[in-house]
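Position chain B against the provided structure of chain A, taking the given hints into account.
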Amino acid sequence: MNLPAKNATSMGPSILAPSLGATAGDWFTLLKPRVLTLVVFTGAIGLIIAPAHLNPFLALTAILCITVAAGAAGAINMWYDRDIDAIMRRTAARPIPAGRISPEGGLAFGVVLAILSVLVMLIATNWVAALTLAISIAFYVFIYTVWLKRLTPQNIVIGGAAGAFPPVIGWAAATGSITLLPILLFAIIFFWTPPHFWALSLYATGDYERAGVPMLPVVKGARHTRVCIMVYTLLLLPVTLAPYMLGLAGTFYGASALLLGGLFIYYSWRVLADAQDSRGNSLTQNKPARLAFRYSILYLFLLFGACALDRLI
Amino acid sequence: MPPDPMPRTEIMESNWTPAERAEFSRRRRGRNYLLLAALGAFALLIYAIALVKLHEYGQMW
Numbered sequence: 001m002n003l004p005a006k007n008a009t010s011m012g013p014s015i016l017a018p019s020l021g022a023t024a025g026d027w028f029t030l031l032k033p034r035v036l037t038l039v040v041f042t043g044a045i046g047l048i049i050a051p052a053h054l055n056p057f058l059a060l061t062a063i064l065c066i067t068v069a070a071g072a073a074g075a076i077n078m079w080y081d082r083d084i085d086a087i088m089r090r091t092a093a094r095p096i097p098a099g100r101i102s103p104e105g106g107l108a109f110g111v112v113l114a115i116l117s118v119l120v121m122l123i124a125t126n127w128v129a130a131l132t133l134a135i136s137i138a139f140y141v142f143i144y145t146v147w148l149k150r151l152t153p154q155n156i157v158i159g160g161a162a163g164a165f166p167p168v169i170g171w172a173a174a175t176g177s178i179t180l181l182p183i184l185l186f187a188i189i190f191f192w193t194p195p196h197f198w199a200l201s202l203y204a205t206g207d208y209e210r211a212g213v214p215m216l217p218v219v220k221g222a223r224h225t226r227v228c229i230m231v232y233t234l235l236l237l238p239v240t241l242a243p244y245m246l247g248l249a250g251t252f253y254g255a256s257a258l259l260l261g262g263l264f265i266y267y268s269w270r271v272l273a274d275a276q277d278s279r280g281n282s283l284t285q286n287k288p289a290r291l292a293f294r295y296s297i298l299y300l301f302l303l304f305g306a307c308a309l310d311r312l313i
Numbered sequence: 314m315p316p317d318p319m320p321r322t323e324i325m326e327s328n329w330t331p332a333e334r335a336e337f338s339r340r341r342r343g344r345n346y347l348l349l350a351a352l353g354a355f356a357l358l359i360y361a362i363a364l365v366k367l368h369e370y371g372q373m374w
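Those sequence lines, one after another, are chains A and B.
Here the first sequence stands for residues 1 to 313, numbered as in the numbering used here.
Here the second sequence stands for residues 314 to 374, numbered as in the numbering used here.
Excised from the complex, chain A in its bound form:
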């Protein structure tokens, strides 16, 4: 295991500052609430489009379990990454590196919530959903956080699969099985994740470089990252069209996927064509990359929303 940043010694001053203990909000922050929005939404879409009836209360419980499990995985991630979080400007104020929550406390919090979320999913729905939920937590913690994140610039390509599980879990909670459509939804998020994160990493390169995290722009440079964003955005289009092509979704979804995908390609092209110096660094403060990152979030919301609407029409 390659953990270059574990030897880091430059800690921010906030770590050494005396602490009066954590607030309730600090514990909530451990769950990475901003990331949870997308998890809740895509998980709910998986439940909505599934061709089976699930009692509304049990459906809400399933979404709660998906949310808590994702939060728990985020808390364990914050425990493991506390050394590099302390170095990166964006994450230095998080409760563990800032000293407001002890590392052991953060880990225990994450593990307890992870176990409870899987158990509640099991009693509320079925073992397929519970098992998929457990696999998604394990994937995020062990495959992405512990293994890939600090090892390879492709970390987000494989590790990003962890974020692709919610619609599959939602579907499994309703039906007790996993068929082609939820696998395609998984594939959509899988191919969406690299351009989404690489657009962010283009303008957060300094942070990752300081922390020794081998994000693509740090290892291969900005120019190579721009090409990769474009390639993955192009690959994403046929994947999003597959449900329509295979007759699993209707014309409304197909047209939406085409339109939204075309726009995503346009934003990626703007990243590729951004004014750059000889090393590929942006001369526009990465304005196109910021736009592409914001659009990528909207894109996923709209695409999954279209999928649900198409099913309800």
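It should be emphasised that the hints constitute simulated quantities derived from the structure, not laboratory data.
It is possible that some hints are incorrect.
Claimed, not checked - Which stretches of chain A does chain B cover? Using the computed rule of at least three CB atoms under 8 Å from a CB of chain B, they are:
| # | region |
| --- | --- |
| 1 | 22 to 29 |
| 2 | 119 to 127 |
| 3 | 220 to 229 |
What the hints assert, rightly or not - Non-contacting residues of chain B with respect to chain A, defined by C-beta distances greater than 10 Å in every case (computed):
| # | residue |
| --- | --- |
| 4 | 343 |
| 5 | 361 |
| 6 | 371 |
Just so we're clear, the structure is a prediction, and the values are computed from it rather than from any experiment.
All C-beta atoms, glycine included, are put in the ideal place defined by N, C-alpha and C.
Only chain B this time, still in chain A's reference frame:
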């Protein structure tokens, strides 16, 4: 054992001013209320799941 790369935060109560002591109490009270609410909500959740499953399917499993 190698030194912990993350220096621990020392909570030295003896050095606190009255204002800091009051703030510490306020935060601890907030955490305790949150834990109480979470435990209560969890118990209610399990109870409600049992009721719904028994009503809907006639069995828990």
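Hint-by-hint comparison with the structure:
1. 22 to 29: Answer holds; 4 residues pass the 8 Å Cβ test.
2. 119 to 127: holds (count 3)
3. 220 to 229: violated (count 0)
4. 343: violated, 5 Å
5. 361: violated, 7 Å
6. 371: holds, 13 Å
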